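Could you slot chain U onto chain D? The hints should help.
Listed below are the residues making up each chain.
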Amino acid sequence: MFILMKKVNCIFIVDDDPITVFGIKKMLRSVTHCDDVQIFQNGHEAYEAIKERQEKGENIPDVIFLDINMPIMDGWGFLDELIDLDIDEHVVINMITSSIDPADHKKWNSFKDRCPHILNFKNKPIFKIEPADLGCINVAS
Amino acid sequence: MKAVERVDQFYLLKQLPKATALLCKKGIVQDASCSWLEIFGQSLQDKDHQTKIFSLYPEILDLEKKLKEYAPFSLKHKIKSSKGTRHLKSYFAPWFDEKENVIGTIVQTDDITSEVEKEQQIDWLNNVLETKVEVSKTGWWEYEVDKEKLTWCKETKRIHQVPECFEPTVIEALNFYKPGYSRNKASMLFHKVAVDHQPYDAKLMIVTFHDEERWVHITGKPIIENGKAVKVFGTIKDIHDEVMAETKVKENQQLLSTLVDSLPLNVYVKDLESRKILVNKGECNFLNKKAEQLIGKTDFDLYNEETAKIFREEDLQVMKHLTPIIGKETASTVRGKTVYFLTSKIPYFDLDGKVCGLIGMSLDITNIKKKEEQLRNLINITSMQNQKLISFAHIVSHNLRSHSANFSMLLGFLNSEKDPEERKRILKMLSQASDNLLETLENLNQVVDINIKTSETKTPLNLKNNVLKVLENLSDLLEENKSQVINNISENIEVNCVPAYLDSIILNLVSNAIKYKSPNREPLITINAVKSNEGIMLSISDNGLGINLDKYGDKIFGMYKTFHNRKDAKGFGLYLVRNQIEAMGGSITVQSEVDKGTTFNVYFNEES
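Line order of the protein sequences matches chains D and U. Everything in the first sequence is counted per this note's numbering, starting at 1 for the first residue and increasing by one. Everything in the second sequence is counted per this note's numbering, starting at 1 for the first residue and increasing by one.
Bound conformation, chain D alone:
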């Protein structure tokens, strides 16, 4: 099994639930090594951070783990703002939610079409982070 490993420079985890954050961080450790993993409580904080990085010409996150239900700015609100930021890179965004509401899945579909980034939808619980979640292509198996 050959996995084309891409160097992941920066990962954002946007979730207000400390247990989920703990889980994602733990799972990340087993698939990649990344020095720049940032945690945000809500979409607004994450958006401000990306905007600041863009303005300063710093690294834009390669991968974002995004919760849907959050205070102040939820996952959808964050996506809206992110699209408006005009980022050249293709960010891999993993939407992680415990919602099984079909409306959320529908909303994800509509966002997938207009979002220039890669948008994955993952239902909790998750036990493992796949290489594809990090933007890696599985070339052979």
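I should point out that these hints are in silico values taken from the structure, not numbers from a laboratory. Just so it is clear, the structure is predicted and the values come from calculations on it, not from any experiment. Possibly wrong hints are sitting among the right ones.
For lysine-lysine, the following DSBU-like pairs were computed, each having C-alpha atoms within a straight-line distance of at most 35 Å [what the hints assert, rightly or not]:
#: 1; chain 1: U; residue 1: Lys328; chain 2: U; residue 2: Lys369
#: 2; chain 1: U; residue 1: Lys147; chain 2: U; residue 2: Lys231
#: 3; chain 1: U; residue 1: Lys76; chain 2: D; residue 2: Lys106
#: 4; chain 1: D; residue 1: Lys25; chain 2: U; residue 2: Lys418
#: 5; chain 1: D; residue 1: Lys128; chain 2: U; residue 2: Lys418
#: 6; chain 1: U; residue 1: Lys551; chain 2: D; residue 2: Lys112
#: 7; chain 1: U; residue 1: Lys76; chain 2: U; residue 2: Lys25
#: 8; chain 1: U; residue 1: Lys555; chain 2: D; residue 2: Lys122
#: 9; chain 1: U; residue 1: Lys555; chain 2: D; residue 2: Lys51
#: 10; chain 1: U; residue 1: Lys555; chain 2: D; residue 2: Lys128
#: 11; chain 1: U; residue 1: Lys428; chain 2: D; residue 2: Lys25
#: 12; chain 1: D; residue 1: Lys25; chain 2: U; residue 2: Lys424
#: 13; chain 1: U; residue 1: Lys596; chain 2: D; residue 2: Lys56
#: 14; chain 1: D; residue 1: Lys7; chain 2: U; residue 2: Lys428
#: 15; chain 1: D; residue 1: Lys128; chain 2: U; residue 2: Lys369
#: 16; chain 1: U; residue 1: Lys65; chain 2: U; residue 2: Lys14
#: 17; chain 1: U; residue 1: Lys418; chain 2: D; residue 2: Lys26
#: 18; chain 1: U; residue 1: Lys99; chain 2: U; residue 2: Lys149
#: 19; chain 1: U; residue 1: Lys118; chain 2: U; residue 2: Lys221
#: 20; chain 1: D; residue 1: Lys128; chain 2: U; residue 2: Lys428
#: 21; chain 1: U; residue 1: Lys424; chain 2: D; residue 2: Lys26
Just chain U, lined up with the frame of chain D:
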């Protein structure tokens, strides 16, 4: 001597004032008076010119035969000339000599033209009278007081349906009147006209010979000579059909007016100027006026200008374009009350088919409208509750799922984790997840409780006392944050509430005001209560952070929605408050401006 005598005789004849002629046995005129000759246009007789009487009576064909009978007779004849027709009557008598031998005939002729003409005139007058009787169907009768003789004319007999030969007595005549009122009245009137000379004019009922009851119009008047009624003259006219028609019309009118008045509708008829020309009881009751006060009035006299204008427009549309308005819903305000009507207006045509106004009918549907509104409210409430139920189900499923997902994930880690330090950390996380789940379940339970116990008895609570009680409990928090509370609630306001809910509502709203205070200002909380027709409104205002309602408006009362970055914000308080107030039939609204403050208005439902 004899001849002289004869001449004398003839000369005498000539001078007779009455037209006289002497004929010989052969019918030849022997001599005649001048007046006779003048009638027939003849000249004096001479021996050469002999006039036979027959030529003078060309119409009488058997004159010669009659003369030969030597018996007196008379006949009528006429002579036509340029001056007209002369009607004549000639008397023929045998002419005897001294020995009683017939020697000829004596003719005397009278001019009866004027009598004949008079006769003709009488005939004509009779004719006229008969025609009049026939056309007007008015018969006459006459009673000769002395002879006690009653005479009926043909028409009178016809009216009584008796044969023409019938000759009634007064008693018989009176017995034709219907027993009871008609007969009594007729007898009384007849007595009065004969005795008191009092003419009469009445409408009574007779029972005809053929047992038919018919209305008649009778008159009677005395003919008085020397202060005594010698005759009574009267007329009788069959007015049965007219009376019946009139009765029918009256009955129809009665039916129509009863119908129109008893209809559960307001009915009115307007003329071309939209003036009311007929109103029924319903319309009178609605406008609280008598019919006389409404007739001739327009809507401008009865409604406000705006409403009246609308009505007039409708009227014009109906009358100009002849398009009826059927079942249009209208609202009008009378004496401060809004009344809903289902109105129809149809053009009103006169007998010539020309529009002369309109007929309006309005059904008061205010009650139906009210019921409809109640029903709509009920549907709204039901669908709202249904919506709430669905959203609650989602909340439950989402919240429980997120906890169970955490458990699954953490347990997965624990299974494969060897490092004791890491295992400890995972276990700590697990117990935290368990605490979270318990708290969520508790919260959900609270909500379920509220929605189940909607029937929990509400009790009248003094609003001010309850607010003071909550403020007392929050005194530490208030002091800690240097908060100032202005309580403007007056002493005597009571609200119908479930006590625990009222406490919860006040507690949540006041503590929210402190929780989301502005970092730049010391909290100032103003509490007011307003009593209005719709009930009591409690408003709690702060000068805190405020919230962008354009952005979050629909979410502020949602479950687990938080909008400020605060550790203790759980997004549950307002959700609970809204559930509690709605469970009691009230409502809550919010006004807010970022960095200025927020006001929550709580409306209590006073119905228990």
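Hints, verified against the model:
{"no.": "1", "hint": "Lys328/U / Lys369/U", "verdict": "holds, 14 Å"}
{"no.": "2", "hint": "Lys147/U / Lys231/U", "verdict": "holds, 10 Å"}
{"no.": "3", "hint": "Lys76/U / Lys106/D", "verdict": "violated, 131 Å"}
{"no.": "4", "hint": "Lys25/D / Lys418/U", "verdict": "holds, 17 Å"}
{"no.": "5", "hint": "Lys128/D / Lys418/U", "verdict": "holds, 17 Å"}
{"no.": "6", "hint": "Lys551/U / Lys112/D", "verdict": "holds, 23 Å"}
{"no.": "7", "hint": "Lys76/U / Lys25/U", "verdict": "holds, 22 Å"}
{"no.": "8", "hint": "Lys555/U / Lys122/D", "verdict": "holds, 25 Å"}
{"no.": "9", "hint": "Lys555/U / Lys51/D", "verdict": "holds, 26 Å"}
{"no.": "10", "hint": "Lys555/U / Lys128/D", "verdict": "holds, 33 Å"}
{"no.": "11", "hint": "Lys428/U / Lys25/D", "verdict": "holds, 16 Å"}
{"no.": "12", "hint": "Lys25/D / Lys424/U", "verdict": "holds, 16 Å"}
{"no.": "13", "hint": "Lys596/U / Lys56/D", "verdict": "holds, 33 Å"}
{"no.": "14", "hint": "Lys7/D / Lys428/U", "verdict": "holds, 33 Å"}
{"no.": "15", "hint": "Lys128/D / Lys369/U", "verdict": "violated, 62 Å"}
{"no.": "16", "hint": "Lys65/U / Lys14/U", "verdict": "holds, 27 Å"}
{"no.": "17", "hint": "Lys418/U / Lys26/D", "verdict": "holds, 14 Å"}
{"no.": "18", "hint": "Lys99/U / Lys149/U", "verdict": "violated, 54 Å"}
{"no.": "19", "hint": "Lys118/U / Lys221/U", "verdict": "holds, 28 Å"}
{"no.": "20", "hint": "Lys128/D / Lys428/U", "verdict": "holds, 21 Å"}
{"no.": "21", "hint": "Lys424/U / Lys26/D", "verdict": "holds, 14 Å"}
This entry does not satisfy hints 3, 15 and 18, going by the numbered hints stated previously.
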